[in-house]
Each structure stands twice: as C-alpha cells, then as structure tokens.
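Visitor: Chain by chain, the residues run as shown.
Protein chains: 2
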Amino acid sequence: MTTQEMLEVAKAVKSSVCTLTEKERNDALLAMAKSLEDNTENILIANEMDVSKAKGKVSDVMIDRLLLNEDRIKGMAEGIRAVAKLPDPLTSEISRFTREDGLSIRKISVPMGVVAIIYESRPNVTSDAAALCFKSGNVCVLRGGKEAFASAQAIVSALKEGLKKSGVTEYAINLVTDTSRESANQLMTATGYVDLLIPRGGKGLISACVENAKVPCIQTGTGICHIYVDKYADIKKAVKIIKNAKTSRPSVCNAQEVLVVHRDIAQEFLPVIKKELQENSEHKVELRLDKEAIEIIDGTPAGEEDFDTEFLDYILAVKVTEDISKAIEHISAHSTGHSDGIITENKENAEIFVKLIDSAAVYVNASTRFTDGGEFGLGCEMGISTQKLHARGPMGLSEITTYKYVVEGNGHIR
Amino acid sequence: MTTQEMLEVAKAVKSSVCTLTEKERNDALLAMAKSLEDNTENILIANEMDVSKAKGKVSDVMIDRLLLNEDRIKGMAEGIRAVAKLPDPLTSEISRFTREDGLSIRKISVPMGVVAIIYESRPNVTSDAAALCFKSGNVCVLRGGKEAFASAQAIVSALKEGLKKSGVTEYAINLVTDTSRESANQLMTATGYVDLLIPRGGKGLISACVENAKVPCIQTGTGICHIYVDKYADIKKAVKIIKNAKTSRPSVCNAQEVLVVHRDIAQEFLPVIKKELQENSEHKVELRLDKEAIEIIDGTPAGEEDFDTEFLDYILAVKVTEDISKAIEHISAHSTGHSDGIITENKENAEIFVKLIDSAAVYVNASTRFTDGGEFGLGCEMGISTQKLHARGPMGLSEITTYKYVVEGNGHIR
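Residue numbers (the numbering used here), protein chains in the order written: chain A, 882 to 1295; chain B, 882 to 1295.
Among the hints, a few may not be true.
Chain copies aren't distinguished; within one or between two, either way the pair holds.
In silico SDA-like pairs for lysine to any residue, Cα to Cα no more than 20 angstroms straight-line [unchecked claim]:
(1) K1236 x S896
(2) K1228 x I989
(3) K1236 x E1289
(4) K1027 x N1005
(5) K1121 x V942
(6) K1117 x G983
(7) K1236 x S976
(8) K936 x D1189
(9) K988 x S1279
Keep in mind that the hints were calculated from the coordinates and are not lab data.
Hey, can you work out the whole structure from these sequences and the hints?
Guide: Structure follows, in structure tokens:
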C-alpha cells in the first residue's frame, strides 16, 4: 500500500472507529495486548534483523533503545493493558448550557480523527502510540524510523491481529511502509487526511514540521531546560536538584542543559556544584563556562552555541547573571519552552520567575526531570508539547481529542 | 514603524502586559471605552475619509459595514465595557495535583502572548479584538483591511490614549500600518514573535494561512453549512428552520448554503420549501438543484461547484439523497466543518448524524444561525474556528489563552 492509499483507508475507517463504545475499545486493547505476547517469537525474530543491520552503524545507546527481549515485549503488553484501564477520554460532557428558550448546547469531547505520528527508532513507541490513539477513538498512521522497521511491522501485525479478533477493522492502526524522508513530507502535507500530526524526534524533524507542515501539528520534545540558582537559594537543595536534573538521565528532553547562577552566590556555589558533578558523580559532567564562571572554576570556555544546544549528554553550560531579571531574560531568549526552574527560598522571586517564564512547566525548588505524563498524573504520555496551541507539556489522552458542540432544539430559530 | 519593528515591540511588552492584575486590565478597558467616546469626532472624520474613498469601488453592503456614526461608536464603547465585566480568563487554577511525595503540580491558564489578527474592513472588529486580547493578558497586533485603515487608526489611537491614562503601555495594542499583502505574509511567518495568528476573512485569506503560515494559526469563519431534511422530519419545523438559516442574514458564516433532502420526503417537501423561500420571502432565494431535485421543482441546474461554494447570498444549493448515510457522506465531503444540522423526529437518526458529522457545531431541529459566541453563552466572540486543534466553534476569551504547569517542591528529585 502506498502512503497515499493508506491515508485514504485511514480516513475511510474514521467513522467506524469513532463510533466504537468504550467497552469495545477496551476489549480490543486487551486483545491487542494478548496478541502482542502471543507473537513474541515473531517480534523477536524481526527485532534481531533490525539489530544486526544497525550494529556498527549506530551507537551502543541506540542499539540498546532498539533491542527487544521477552521482558520488554511483556512490558509493552502491560502498557496496553494499563491504557485500557485509563478513564475514557470520550464520554465526558465538558459543559452544557440550556438557554432560556430551551435550546440545549452541549460541548462534548470527540476524537481528532486520523492522528499521524512520526517517531524515532524505539519499538515500544509503536505499541504505546497505537494504544493511546485507539483508546481515544482515533485512527493512527505510524511512521517510525527505518532502523526499527522490521520490529514495528511485526508489532503492528500483532496489534492488527488483536483488532481483527475483536471484530474491529484492522485499519484502525496503520504503519507506513515507506521509511524515506518522502513519506514524512507526505504526512506533513496531507491536508484533509491527517487531522493531527505529532512529530516525536530531534530538532531536525521538529523544524522540518514547523517549516513544511500544512496539517495541524504539535511540536514535541525539544528541551533546552534551564535551572536558575537564585541569590536566595538553599545551596544543599540546589546541588541535589541539579545533580538529578543533569545526570539521572541526560538523554531525555527534561534533563537540564543550562545552569544559570546569580552573581552574588556564584563564588560559593560554583565550586560546590563542580565537585558534585565531577568528583562525586558516576559520570563526570563537562562544564562549559561563560566568562564570569570561568574566573571562579575551571572548565571549557563556552561558545555562544552552547547556550542553544540540547546536549542530551553529560555536558552542562553555565552562565552567571547579575540578577534575576537578567536570568529570566537569558532563559526567555534561549529556552525551548519545555521545562525551566528556579532554586530560591525567596517567595517573591519564585513568583516573578513563575509569572515571567513562558514554558510548559515552570519549577520552583524541584528537578525538571518530573515533566512527564506519568509523573504529572496523566497515566500515560503521547509526547511533551513545547507549543502553546492546543496542548502544552505532557500530552495524555485528552490532548489527542477535540470537542464539538451539539445543539438540540425543537424548531428553534434565531 | 515597520511591521518587523512593531513585532519586536509587541514581544518586548508581553511580560509587562501579562503581569497586569485583573483590576488593572479592567480599569484600562473602561478607560479605553471612555476614550473611544471622547474621540468620536476624530473617528468620524477618519471614517468619512475611508467611506468617500470606498464609494463606487465596493458594494453598498460593504459601505454599510464600513460606515460609522455616533451610535455605532457608542456601541463599540459599550462592547468594551461588556468585555470588562466578563469573568477573568486568567485567574482559574485549571487543576492541581499534589503527589504523595508532596510535589505540587498546578495547571494554570496564561495568555498566549502576542496575538495577531488579520481581518476585513469592519471598523468595530478593531475595538472588539483589541479589547478581548487585552482582557486575556495578550498583546495584539491588528492588521485590518485597507478600506477601513483611517478608521482603524483613529480607533487604535483612542484606545492607546485610554491605555496611557491607565498607566499601561500603549504598545499592548498595535495596528500594522502596511496594509499590503506583504504585511499579512510577514505576520504568518513571524516565528518567535507571533504566538497565535487568527485570520478572520474570506476563503482566500484562510487558505493563504493554511498554505503559508509558520506561526500557530486558527482558521476561522468559512461556513458551507448544510441542513439535512430527514425522511422523518416534521415539515413545518423544517420550513421554519431553513427559512431562518438561509434568509435571516445570508452574508454571515453560519447561514445555510446547502439543503440535503431524503428522497422519500422530497416530493412533498421541496414544493413547500420552494414556495416559502420564493413567494413568501422578502428576498427571493435562487435554488440550484441537483438532477433529482430538478425533476420535482423548477430552478437553476446546480453545477458541481455549487456544492462547494459559500454563497453568502440568497442562493441555496439543493441535493436529494437516497438515505441518511448518503446525506452524511455528502456533508462529510463538502462541509467546511462549521455548522451542519439534521431535521428529524427520529431519535436514532439524530444520534447517528450527531456522531458522524465532524463539524464544530452539529444541530438537531434548530437553525445553524445560533453558532455564535454570544448565543452559545460565551459572552463574546473572537471568531468561529473551523479547525479541531485548540479551539473549535465560537472562540471566547479562554480560547485565546493557553496554560502552563507550575511545579513547586522543596528539593524534590526524581
């Protein structure tokens, strides 16, 4: 099937998917989970093909992301079962307004329709995204990375088997077989077919979408996250939080990339944090220091681009500012709008920071690593939006739905 | 000031506008209303210039839209006072989640930032849009039609005077002075400056935005609205509703453009509706009939394009379908997703229609003319969104805000 044919099919089955009851959707999810486990062997064979092709071409971290085993497949199935247990995002009557003339106006939540997702090479994203889209009554068109294509195909084939066993059209879940850049562009410009496009990937993919997408799109995942250590910071808290934000999992989008320090505390604080991130850390963190910081501690001199880079690595850019206003100014100019925080015991400064930092999540005295659907209590996550339109921050089930108004009268005219 | 300079200024004052308290914003709105009335004379002189330039070039309807008088200016001021009285869209704590570890996660509503609006030549849109943006803590960049430019400039100058008297930066409200197509394109591509673009205008403007916009954009206002008369319709209700939907104000986006009729009721219904829309109507409605309809009543044979045209005039395209499924199929293929309705006494058919029609407002036994912020109880309107992302249907104050998460801890790490 070409990508265009797949889009036609996806559009055609929208109405049969959006009319499934909550029970029908949840039963099908359970069948999908079972089918995934039943097909463990096929999936592992396909995954082995992907892994052996990728070896030598990509980093060990990438290989580990790509690799499946029995436990990971079980984990994917459990993930689908957890989605089945989540509250239905479609039943809610968001609001109801009955006018004096008796006309009833209900606002109800409904699926987006066809949700397209362009993502990288982690096989579990395939089952996660498919489950979340299906749970919310959407038809999904998945376009994964070529490195994980065989795995994704085996996973989708198992999921489709689960759908068919439940009497649901297998075309509720679709995997694009063309993994060239062309198919990504096709999805970005499929006006009238794709109701929502979610690109999950690096800076290149996101900016390609901003530049080229003609369909509604939600940018996700690029995180140049800042933590500002205020003059009134509790240094112990600051050290603990920054070590966690920088080193607990540097490859993810909510990891810290930039440390901003108030001048009046820099002399005392910078040597302490340097020691913690280098001598007391399992992985030594490289510090890229601005002019003022490098006069206080040793490190690599920072270039301008270091303050606009998502390192996703054991690297931290450090900047000293003369006050909180300058810190906010720097963060506003360089943040990607994902997660930024302040460490301070001064309530007023915390309030100013929260008010003026225009990011999806603004932190006071806590690690930016919490920005995550699960941690925020959404029960799941479809990506982390860094835009302001429609969804901001971690996206759960309701963020891939929309609403409509149902107006019921008895011959009412205006 | 060039458009680019204006965008720089708008971005620079965002933080001072978003930190105004509710009282400061409402007081400034009242001062803006007063200043508008105080400047009645200036505004009327400017308006006279616009009107005399436009005469002979545009239709009488357009001239009437353009024309201001003392009463209309008073109405605009009253409109601003009404906006001041609306509930604050910014104070709400949308939700709060306190984790077991004590970390508090609050979801709060915040302004979008800079809202750009491209609109037509109605002068009142200038004050309406400025007031709604300001009330919701947004900085606005207005780009009106060139026919109303002098009026818009006089209005904005009065509004700025009101802002200044209240000690608020006059750059909270900005009017683009370049009314060429170039400035519209500049707004569409002002990534990093425009947080939300709302085009309010005809099909050409909307599709230019879909094609070219790189900033977040909400499509508004194109309405090819359908009413389907089911086999089980109450003919009296149908006649009353369609006459209202087609003739009460044909120039607006929620007016009906297409009538779809079930074959089994067409013989009886079409002659009745024809009489009502032609003999019993102040303005005779031209009927553009498909093959089956033209065998029952007289009228103009419909071309294919008649089912994809927003007439905004006393013209109605008529199609006969063999059943409700074919009716839904036709509407799904030709609707702009604005407002579509069914006339039926059959509950099941009403439910199917409501479930399957993917439009902002779906009607049962009522006129599509109700799709309007005021009628829907929002208290105001920033346009009617025909997209599914972010806002759908009539947009009020909360639709021009976004949200962010505020995460407060005490040294919390993950």
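Visitor: Please go over all the hints and tell whether each is borne out by the structure.
Guide: Taking the hints in turn, this is what the structure says about them:
no.: 1; hint: K1236 x S896; verdict: between (43 angstroms within a copy, 8 angstroms between copies)
no.: 2; hint: K1228 x I989; verdict: between (40 angstroms within a copy, 18 angstroms between copies)
no.: 3; hint: K1236 x E1289; verdict: between (41 angstroms within a copy, 13 angstroms between copies)
no.: 4; hint: K1027 x N1005; verdict: within (14 angstroms within a copy, 54 angstroms between copies)
no.: 5; hint: K1121 x V942; verdict: neither (26 angstroms within a copy, 68 angstroms between copies)
no.: 6; hint: K1117 x G983; verdict: between (62 angstroms within a copy, 19 angstroms between copies)
no.: 7; hint: K1236 x S976; verdict: between (29 angstroms within a copy, 17 angstroms between copies)
no.: 8; hint: K936 x D1189; verdict: neither (31 angstroms within a copy, 54 angstroms between copies)
no.: 9; hint: K988 x S1279; verdict: both (14 angstroms within a copy, 15 angstroms between copies)
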